[in-house]
Every structure is written in C-alpha cells, then in structure tokens.
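Q: Please build the complex by placing chain B on the supplied structure of chain A, with the hints as guidance.
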Amino acid sequence: AQSVTQLDSHVSVSEGTPVLLRCNYSSSYSPSLFWYVQHPNKGLQLLLKYTSAATLVKGINGFEAEFKKSETSFHLTKPSAHMSDAAEYFCVVTRSYNTDKLIFGTGTRLQVFP
Amino acid sequence: DAGVTQSPTHLIKTRGQQVTLRCSPKSGHDTVSWYQQALGQGPQFIFQYYEEEERQRGNFPDRFSGHQFPNYSSELNVNALLLGDSALYLCASAISGRTDTQYFGPGTRLTVL
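Just so you know, the sequences run in chain order A and B.
Heads up, the first sequence is in my numbering, so the first residue is 1 and it goes up one at a time.
Heads up, the second sequence is in my numbering, so the first residue is 1001 and it goes up one at a time.
Pulled out of the complex, with its shape left as it was, chain A reads as follows (with noise of 0.2 Å):
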C-alpha cells in the first residue's frame, strides 16, 4: 500500500523568507512522488515531479523537492517566498510503474504575510 502525510495542516511565513513543507511516504514499491498546488477557484497546478532520475528536483516558480529513501522523504522548499505563494500544496505518491493513480496527501496550506 502506498501513502503520504503531509506533517503541517498549516505553515505561515514572512515574505522573503524560506519556505519548507514537509512530507513522508510509505510505499511498497519503488515510488514517484509530485508536488501539486491548488490556488483558490482553480484547478490543481503541477509543481515537480520525482520519477527515479535525480533527486533533487527542480520545479516552476523556484520550488525545489529532495527524495531521501533513507529517510522516506519529499520536502518542499523555496528560498524566498512570494505573496502569490500563499495556496494549498499537495505531496502526492504513485506507484513508478503505474502512474496512473495518484494518492494524494491531506494537503498543507500556506501563508505568506508581506
């Protein structure tokens, strides 16, 4: 069975600071895992995804996820965090040979005060 806890409902931070959410995974095969981002009234965005290749994974508007076995992690940082940030973040789990269904986290939203 493969699943993901997502260790923060909430995470508040001050814009220009770093940004990390957390995540671990349990899975019974070899995994890939993503980050996803829901804004508000609009459908769920894409962030990075890690599928066996490097693994630290860069992602769009400067995201940036680590895959550590040892430690069954998937954490998302950013260096600087911006107002248009602030929105809901997903770590999601799949299995890497069948990518077809994702298994989504309960999700950590994040503010960003100016």
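What the hints contain is simulated information worked out from the structure, not anything from laboratory work.
Wrong hints could be hidden among the right ones.
What the hints assert, rightly or not - If you want the footprint, here are the derived chain A segments under chain B, 3+ residues with CB under 8 Å: (1) 36-46; (2) 100-113.
Claimed, not checked - Calculated lysine-lysine pairs in the DSBU-like style (CA-CA distance at most 30 Å, straight line): (3) Lys58(A) x Lys1026(B); (4) Lys42(A) x Lys1026(B); (5) Lys42(A) x Lys101(A); (6) Lys1026(B) x Lys49(A); (7) Lys1026(B) x Lys101(A); (8) Lys42(A) x Lys1013(B).
Claimed, not checked - Distance windows between CB atoms, simulated: (9) Ala1(A) x Pro1061(B): 18 to 24 Å; (10) Thr77(A) x Thr1020(B): 39 to 45 Å; (11) His82(A) x Pro1061(B): 38 to 44 Å.
Beta carbons are placed, not taken as given, at the ideal position from N, Cα and C, and that holds for glycine.
A: The following block gives chain B in isolation, referenced to the frame of chain A:
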C-alpha cells in the same frame, strides 16, 4: 490551446437525486481520471477511462459510474446522492503511457442538500 474544462462549475442537488458532471480533456489527451475532493481533504481517485473503458477504479461504490466518448470527453454520474457526496469533483487528463503528468480541470462543486 484550451486546457481541461469541466461543466457545470457549481451544482446543487437534493438527497436521492442523480447528477452528471462533464469533462473535456486537454487537446491530444486520451485518458481521463476523476477525483473527489471533500472539504479540507486531498483529492481521492474515483476511476480512470481510456479507450472508452474503465481502466482503474478507486474505493467508491457502484453509485459512481462514468463514461468516455469517442472524442475522449467523459462524464461522471452519481446516483442516489447522499449528503456525503458534497465535494469538489476534479477531472484530470493525460496521454496514455505518460500518465505521470496529469492536467487537472478547475472542478465542479457539488452540494447535496
């Protein structure tokens, strides 16, 4: 190039009624998946359609059914609506064999009274 579109945007139904939601995939995509997102939760996989057949299904009762048309668009039908069916229903499309990259529509907000 239009992305994934869904209709309607919002819908209000009463318990016991039936509802049909519609999805048009991104141009060039042949695979459509449906997800249910309850308030404050992450999306949950309902099922996926490819070549007009249901290819995978999540843990949802038979009240949830779907269809895919020859132009790859899809419908999600829910019968005998329950209050707990109130949620945002998301459609995602992809190219078969490249389903590691799925594009999501804005969703249909269903409220069951």
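Q: Evaluate each hint against the coordinates.
A: Against the structure, the hints come out as follows:
no.	hint	verdict
1	36-46	holds (count 7)
2	100-113	holds (count 8)
3	Lys58(A) x Lys1026(B)	24 Å, holds
4	Lys42(A) x Lys1026(B)	16 Å, holds
5	Lys42(A) x Lys101(A)	21 Å, holds
6	Lys1026(B) x Lys49(A)	20 Å, holds
7	Lys1026(B) x Lys101(A)	18 Å, holds
8	Lys42(A) x Lys1013(B)	23 Å, holds
9	Ala1(A) x Pro1061(B): 18 to 24 Å	20 Å, holds
10	Thr77(A) x Thr1020(B): 39 to 45 Å	42 Å, holds
11	His82(A) x Pro1061(B): 38 to 44 Å	43 Å, holds
In this structure, every one of the numbered hints holds.
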